[in-house]
Amino acid sequence: MNPRTVHRESQNLANLNQGFINSEDRRFLRESVASTAPWDQEKAQREKESSEEPESEESELEIDNEGVIEPDEDEPQEMGDETLKVTDEMMKQAVEKKREAFNAVAKGELQRAVDLFTDAIKLNPRLTILYANRASVYVQLQKPNAAIRDCDRAININPDSAQPYKWRGKALRLLGYWQEAAEDLSLASWEQ
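Quick note, the sequence shown lines up with residues 1 to 192 if you use full-length UniProt numbering.
The hints are simulated quantities; they were obtained by calculation from the structure and are not laboratory data. Treat the hints with care, since some could be wrong.
Pairs of lysine-lysine, BS3-like flavour, derived with a Cα cap of 25 Å [stated by the list, open to error]:
1. LYS92 x LYS107
2. LYS92 x LYS122
3. LYS107 x LYS122
4. LYS122 x LYS85
Per label pair, the in silico range of CB-to-CB distance [to be verified]:
5. PRO76 x LEU110: 16 to 26 Å
6. LEU141 x ASP64: 18 to 28 Å
7. ARG126 x GLY67: 29 to 39 Å
8. GLU73 x TRP178: 13 to 23 Å
Yeah, the Cβ is synthetic: ideal placement off N, Cα and C, and Gly gets one too.
Produce the complete structure using the sequences and hints provided.
In structure tokens, the structure reads:
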């Protein structure tokens, strides 16, 4: 409905029901309507025009791209067979490989850690945290595309896990995708 028509109809209704509207127990209604009704159309239009700022073609914000790197062009890493039937023994072996991978990270042997996480993923390809852990090592190795692939797989397996969003956000930040990085890092902080 047109706002003018609504206003005119409400005025007609108000004229018919003056006794009802002016009663003391309806004062809150009168005050509420008076505070929201556009009584002065010209004033409302002027306020609207003054609040609109012209858009500039060039942003005044300078983005600091320090720390942004070139994307890695490596072959996609092994992701494991999702249809694999995982046994208890395979789960134990995957946990042991993960433990060895963390020890390798602590010693600074990042490529060895990637290999160990890959072995663990092959043993238990449905465990989200393995992909997130390998992604964290890829971020340290400055291989953001590999980290993003791992995080995408982890999110596909379990979209409620915070770690893949965190590491994908950090990888996107390395590539200079600030908005996407902020979104993922925000999701990671809400999930924890």
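Could you tell me which of the numbered hints above are not met by this structure, giving the numbers in increasing order? none
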